Structure formats: C-alpha cells, structure tokens
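K.L.:
Chain by chain, the residues:
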Amino acid sequence: MAERYFPLVSLVSGAGCYQPLIIKLERDLTDHRLPCFLRSLLVLSLLALLPACAPMPQSGGAPVYRPQPPLIPEGSHPPVGEEQRAPREDRKPPVGSPEVIAPSVQAISPAQRAVASLLDEAWGHYRHNELDRAIAVAERAQRLDARSPEVYLLLASSYLAQGKQSLAEQFAHRGMNFSPAGSVVRRQLQQLLDQLVPVRR
Amino acid sequence: MAKKKQRRRSRKPTRKTSGFTRRLVKVILGLSVVAGIVLVAALDVTVRAKFSGAKWSLPSHVYSRALELYEGLALSQAQLLWEIEQLGYRRVATLNSPGQYRVNGGQVEILSRTFRFWDGEQPSQRIRLLFDRNGISRVENSQGRTLPLLRLEPLLIGGIYPEHQEDREPVRLEALPPYLVESLIAVEDREFYQHRGISLRGIGRAMLGNIRSGQITQGGSTITQQLVKNFFLSDERTLLRKGIEAIMAILLEVHYGKAEILEAYINEIYLGQSGKRGIHGFGMASRHYFRQPIGELDLHQVALLTAMAKGASYYDPRRHPQRTLQRRNLVIDLLESQQLVDGVTAKQARAQPLDISPHPGTRTNPFPAFLDLVKRELREDYNEADLRSEGLRIFTSFDPQAQKKLQDAVDRGIPALEQQKSIHKGDLQMAAVVVRVGTGQVVAVAGSRQSGFPGFNRALDAYRQVGSTIKPAVFLTALQQPGNYNLATLIDDGPVNVAAGDGTRWQPRNFDRRDHGTVPLYAALGQSYNQATARLGMAVGIPQVAKTIRGLGHQRPLPEVPALSLGAVTMSPFEVATLYHTIASDGFYSHLAGIESVYTANDTPLKRYPYEVEARFSPATIHLLQYALQVVMREGTGRAAYNVLSASTVLAGKTGTSNDQRDSWFAGFGGNYLAVVWIGRDDNGEMPLTGSSGALRLWSQIMANLGVTSLAYAQPEGVVYRWTDPATGLLTEELCENARYLPFISGSAPEHYAPCGQRKEKGVADWLKDIFRW
Chain G
1 MAERYFPLVS
11 LVSGAGCYQP
21 LIIKLERDLT
31 DHRLPCFLRS
41 LLVLSLLALL
51 PACAPMPQSG
61 GAPVYRPQPP
71 LIPEGSHPPV
81 GEEQRAPRED
91 RKPPVGSPEV
101 IAPSVQAISP
111 AQRAVASLLD
121 EAWGHYRHNE
131 LDRAIAVAER
141 AQRLDARSPE
151 VYLLLASSYL
161 AQGKQSLAEQ
171 FAHRGMNFSP
181 AGSVVRRQLQ
191 QLLDQLVPVR
201 R
Chain S
202 MAKKKQRRRS
212 RKPTRKTSGF
222 TRRLVKVILG
232 LSVVAGIVLV
242 AALDVTVRAK
252 FSGAKWSLPS
262 HVYSRALELY
272 EGLALSQAQL
282 LWEIEQLGYR
292 RVATLNSPGQ
302 YRVNGGQVEI
312 LSRTFRFWDG
322 EQPSQRIRLL
332 FDRNGISRVE
342 NSQGRTLPLL
352 RLEPLLIGGI
362 YPEHQEDREP
372 VRLEALPPYL
382 VESLIAVEDR
392 EFYQHRGISL
402 RGIGRAMLGN
412 IRSGQITQGG
422 STITQQLVKN
432 FFLSDERTLL
442 RKGIEAIMAI
452 LLEVHYGKAE
462 ILEAYINEIY
472 LGQSGKRGIH
482 GFGMASRHYF
492 RQPIGELDLH
502 QVALLTAMAK
512 GASYYDPRRH
522 PQRTLQRRNL
532 VIDLLESQQL
542 VDGVTAKQAR
552 AQPLDISPHP
562 GTRTNPFPAF
572 LDLVKRELRE
582 DYNEADLRSE
592 GLRIFTSFDP
602 QAQKKLQDAV
612 DRGIPALEQQ
622 KSIHKGDLQM
632 AAVVVRVGTG
642 QVVAVAGSRQ
652 SGFPGFNRAL
662 DAYRQVGSTI
672 KPAVFLTALQ
682 QPGNYNLATL
692 IDDGPVNVAA
702 GDGTRWQPRN
712 FDRRDHGTVP
722 LYAALGQSYN
732 QATARLGMAV
742 GIPQVAKTIR
752 GLGHQRPLPE
762 VPALSLGAVT
772 MSPFEVATLY
782 HTIASDGFYS
792 HLAGIESVYT
802 ANDTPLKRYP
812 YEVEARFSPA
822 TIHLLQYALQ
832 VVMREGTGRA
842 AYNVLSASTV
852 LAGKTGTSND
862 QRDSWFAGFG
872 GNYLAVVWIG
882 RDDNGEMPLT
892 GSSGALRLWS
902 QIMANLGVTS
912 LAYAQPEGVV
922 YRWTDPATGL
932 LTEELCENAR
942 YLPFISGSAP
952 EHYAPCGQRK
962 EKGVADWLKD
972 IFRW
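Protein chains in written order, with our numbering: chain G, 1 to 201; chain S, 202 to 975.
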C-alpha cells in the first residue's frame, strides 16, 4: 500500500552520506550544553527580569499585544524542577474596553519531563537505526508538546536518514519556528538545513 | 409381440421378479452407498474448507488515543477515574491483578494492563498518581520512584462490522481465565474429551430426561455438535439435519484436535445482542458485559458467561438478572460437585452479585461522527470487504474526554440558544470539529446535536456558506505583500458597488448598515467590516485570495468572484478546520486526520499515518494575522467569548454569518485546541443568530470545557513591533493617545511619525518597562 503523504516527499537515496552530520548533531545535543549551573543562573536572571514584562495599569490607550520574548536562550529544555512560570496576571482587564492587554509569557510546557524522556528513548532508536520507531516515539512526544524544537530536530534527522529530504526540510523549518535565536537546537536545525540545500540543487 | 412378452412374464413370474428386485435393491444399495460417500465427501470438504481457513469475518475495531499520564497533565482525579472506568478497571481495596485501581484520598493507584503499542510493548505496572488543583502532580512507581510518563491502553470506541453484524474478539485457549474451559465442559459436554464427535451416552441421558419431564428439554448435543450446528447449519430441528450434524461432528473430530474445536466453540458461540450487532464469543462477551479483557475474569464472572451459553436471550443478565443469577449459581454448584472448585471458593463466588458493568462495555457506534471520519480515511487505503472481515485494529487520535466535553457543551448550549432566541425547540442543528493545535489530529467531532446519532454527519458533509469565516484569507493575501500592506494600512470602508459579472451589481453592506470611513487593516478584520474587506479582496486580486485559501489547505474548486472575499463559498466544518489549523500552526499545513496506525488482527503493525507538515506561509506573516484575530477576540465580533473564558487566555478566532443569517460560524484557537462550530437549520432556513450570537457562544463553552490554554504568541524572526497611530497608520510614541503596539514585517513598518495627540502621564512602571523592553 502506498504511503499517503509521500507526494510531498522527493525520495532521494543515499542517506548514508549524511551520517556524519547526524552523529555530529547528536553529539552536540548530548555534549554541547551549557553546564547546568550556568543554565540555572541564566534562567534565574531572566526570571528576575520577568516582572518588568508583566502588565502594568495604564490610563486609557489602545490595547497592546506584546510578542513573547524568547524566554530560554539555551536550546534544550531548562533544568527540570526550576520555577519557570511568569508571575500570573492578577487584574483582568474588562472585555471590550480600551485596556492594556499584554500577552502572558509563554509557560514552559507541563509535559517537558515526559517529552525529554521520550526524546531520550527516540534518539536511542535512532542510534540503532530503528528509524520508524524513532519517528513513532518522536510523534508521541510531539503530541505532548507540539512546540518543542527538539522534537522536530529528531523528526527531521530521522527522515533525513531515511532519505526523505523534503520531509526533513519541512520539519527542520518547523523546528526553527520554535527555537530561540542563538540556541543550540537552532544551530543544529540550521546545520541540517545547510546540508540539505546543496543536495537539492 | 406384446402377447409373447406377456406370456413369458406370466410363465416365470416369481424367479423373474425376485431377480429384478434383488438387482434393484443392489442398485439402490449401491447408489445409496455412492450417494453416502459423495455426501460424506462433500461434508468433509465443507468442514475442512471452513475450518482450516479464516473461520470468521472479523470486524475491524477502532480505538481511541492512549491516555498519557505525566506530571503536569491537566487531568483531575475525577477525569482520570472516568477514563479508567471506561477502560473497565475495577476499584478494589488491594491491588493484585492488572486492570484494578484503588483510591486513597488524593491518590489513585493503578495496576495497569500490558498493551502492545506501535513502538513496543508496555508491560503491566503498578503506579501511584498524586493530584493537585492543576492536575497530576506526580506519577510514581510502587517503589516511590518518579516515572516520567505512563500510557494507559486505548479505549475501544467502535467497529466496522461484517454484513451479518457479528461482533467478536477471538481469543486463544491459553489466554482464557481459570475455570472457563472446565465450567463449559462441566455444563455443556461432560464427555468432551472422551467422545469422537457424538456421545451416545449423552443422547441417552437427554432422552431419559425428556421422557421424565414429558417434553424436550435436553439436547444431548456434544460441544462438537453445537459448534457444527452454529458453524454450518440452520436452526431447524429435523432428523435429517441431526444426521448431517452428527456426520459433520465426527468429520470435524477426525481432522482436528480437541483444543482447536474447543477454541472455535468459545469464539463462535452467540452470547447476546446489542442493537443489530450480535455479541459472539467469550472474548467480546467479556468486554460487553464486564468491560474487561477475558483473562481478567473471576470465577463468578466466568460462571455467568458459561450460564449464558445455554441461551443468551433467555439468560440475559441485564433483562433477566434473577433467572440468570440462579443459573450462574447452578454452574458454580456443578463445578463444586465435580470437585473442580473447593467449597469455600464456590461459596464466595455464589455470594457475588452479577457484577456486570452498569452500561454495556461495547456499543455499536457511540461516536458515529468520528467513526465516519475514520472510515473515510480507511477507504482510501483498504476496500470495504477487508475492513469488514479482516479484523484490523485501528488506532486513532480520538480523545474520549474531549468528546465528552464537546458533547456536554452541545447538550446544554443548543437548547439554551433556542430558548433565548425563541427558536422552535429542535430546529437548530450544529456540527463541530476539535483539533489539537500543531498536530493535525482531530480529537473530537460532533456531526449533530444528538450525540451518538448516526445520521447525516454535518461536520464532514454539511457544505454551507462560510461568510466572514473566510476573511482571514483575504487579509493574509494582503499581508503577504508587506510592501503594500501592513496591519496599520488604512483601507476604505465606504460603499462598494461593482459589476458582478452576470449583469447585476454587487453591493455588499456592513452588518450594522453603516460606513466606517477609513479603517486600519487590523480593525477591518477585528470588526468584520464587509465593505473594507470586499474592497481589499478586489485590490489584492480574487485569484490571489483563492490561491491563499488553497494554500491554507482547501482542495475543492472555488468560485473566483468578488463575493468570495465575503465567504460566498460553501465548506464543511472539517474544511474550515483545515484552513484555520494552518493559521494556528504558524503557516504550516497538515492534513487533518483521525487515524494514527492500523494493525492486523494478530497485532502486526500494518500501516502508520505519520504526522507531516508543509510550510505554506511565512510564520512572520501569520504572526500578523494572528494579531488581527486576537483583535477579533478582544475588541471585535468575538469578544463575547470572554464572558465565558478567562480574560487572561489569549485566543484568536473569527465569526462568520452567511446571507440572511442562515449559517452561524465560529472558528478559533488557543494554544492547545482549535475548534470550528457551525450552527444552522437543515432546511437552510433563516435564524435570529449571527456567528457572534450563535456559534461563538457554543464555541466558548466548548473551549472552556476543554480547558483551552493561551495561544503561544511568540515573536518570530522577521517581525518588529512599533508604536503606531491607528488614525494615520504612522509611527507614534507609547504615551501618545491611542498608541498601539503593532507587529510589522521587518522593513515594512512606517518610517514617519504622526503628531502626538494628548500625552498620557508616564508612571514608574512605564519607565521600568522602557528599560526592560525586549
């Protein structure tokens, strides 16, 4: 039975030649992280800044939708157990009246620990070249947190290893969409995309 | 000549006749033997043909998503208990086998079942769940160690049945619980392991019993004969049929072992009815009466099913509980008298109530609208005959909790709307589709106001005018030209009067019948101004608007006329959900789907339906559109949502009302869910409802029930924010009157400043904000 979505995919064989990149990406993911205490420090200092973003009462004026700042410059998930949530908005602006409306700071996904555990498992399958299983587990993670760039890095890498370049590219773009500027995962996604472009030409 | 013959015959009549008769008898005997051999051979072929191949046409069964339990999941204890009750977990004081749970104050302990998922088998585990007011606060194993997550098995939500509507879940002998085989043999055929298909002793005993009682009460059929009767023959009670049954029973025993015959019997037997659907076999009966897999059944449950084997209609535990309980206890007595169970165990089992689930554990089609979606997807890959006979196991994204919340909102919301608007009771119909944002997975569908009603599926098949629901496509087309349009671009909302192309004039009017002068683009969408949108649509080009609609995921032809901008096009709620999912997913299109994977009957993975994405629009442009869709919710036609939902929840959406108020639409999303709601009348009649006063209300309640989270409105690359003066579309300063903080595609923001009107006082907070502005 033919796969349903494969019209989207240009099947190019020769996945093996990308192996060094994938291994490198993997190594980056596991090794090239900031030391834990540095990450904690970074997160704490950002938390200290958060009150400044909280909504402030203003007299009159039009509604303001403020974009969310990238909260965690580090690419991977922040250390589990740290308080990451922004202070909650206490005063609810009356609906319909010209009030300040500031977007809430993006909360860290409540599923982060579950997602991290699934990603570990999926990278394990990936390393053993069980790519379909890696993808299946990554999709499980994706259903728990559809905004995790690491999930898309895994999907993109797995599809790339399967020779499904077009899908790999789409997932890499999707991951870029969620990865903060300067983050490790963003760099990894970019590297993956850079590898794709010459091949497609 | 004739006379001669007569003479000859009359001369030696006796010898001639006896020779002829002998020959005739011989011929008849010979023919009978041949016929007998032919008959036996034919029966033999029949027996082997059916018994050696696939014995049954197996229905395909459809399952929900597997509930993932993890710390931080917004799932209350009550919601968890509801789900595990649906799964047939039994509440006990002490956990000792899979499929049980206990509640201890704020904690729930579960002994989960083993289940084979696509990515591997998950063994049975003993877990403890702790809750706080947000949901699950901790998941730990029996040693108190934190578990990152645990999956419960999915819920059976329906099936695709063979033409004869027989539902069954075949089980192997080794998977049966203790006492089942023993009790069946004790009750139905004590000499099963001794006889060769028929039992003369059994027949003798039955005859004796019948003579004593004066009527036919006992059959004397062996298990093999019963199987033959059910499998190959009709129900009529004639001697010929009995004879054929006996021959076939013997043939079956010649070719097949006792174990195989017994297994076939256990899976063949009729054990009840659920509407048109027949419950066959002990596996399905266990699901139907106890909501449990057969392997989990205790003695009293096993005895109940065995009792029903005698006659499932007569001994129906739901319709005739007393009679059935008596027979169940009779079965336990028999087991005790044959020393298959000891006295204490038997006594305990007899003391048990019937113990069946309050509602049938299997329903034929409890979620018809979702199942319909699944069937349509399946038909692209499988033919109908295979779906009805191959016993496929289909795993879907269906979320029973979400469906319940959706249906709760509908059950209350539609009658309330009818009452408020003085609409005749029962006139309104509705449809809704709920999608998990960013996954393309449909989690709940309502095809009608009546839950469980398997009629016209409006979610997929009601093609209705979408009205303003289409407008985001017009604005997206404009915003894709950052050189020409940004959110602050002023557009004329004056009267529109153009040739429609068919000789008539097209003169769309605003809903409030007023002109609003020049309005900024974001406000034109926020307030759903028809005149401004129509003008914008023509300015960017109707073919371009159509291209955008197709880019958002629409696949059917579109009428490329000016009225397209105002939604003069029919779509199903499912199609509208597809378009909005692309907007909710930052411009990435995904095919909306309900199926995750398909397995064969023996648990071999057959096909997966992977999640795929395709970038269709730049996330930066979609960010601008999402801004305008938030304006709809905060200040525009969608603001009534906040009567129900918390004002701190960031939402994006759009109302839609078709001409003469025949259709009321709302499509919108938060961070986790997207929902599209349509309300209308089946006869396409007018209603006193707009998108805002009808569908939006129901949408808001659905979203509140679902626990919608805030839209993750993160600033993508290539977007800058500037304080803007809405009246001129020029830059301004934060403290100038009416200043608005608007997103622009980098390089497209206005460069000039408008004169500042009345300046606001700047507080300490504002100074701080200046310092820390991102």
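It is worth saying that the hints were derived from the structure and are not from the lab. A hint or two may mislead.
Example chain S residues on the side facing chain G (calculated, C-beta under 10 Å, incomplete) [as the list claims (entries may be wrong)]:
#1 E322
#2 F332
#3 G336
#4 L348
#5 D556
Note that the structure is a prediction, hence the values are computed from the model and not measured. Just so it is clear, CB atoms sit at the ideal spot from N, CA and C, and this is done for glycine as well.
K.L.:
Which of the stated hints cannot be reconciled with the structure, identified by number in ascending sequence?
P.N.:
1, 2 and 5
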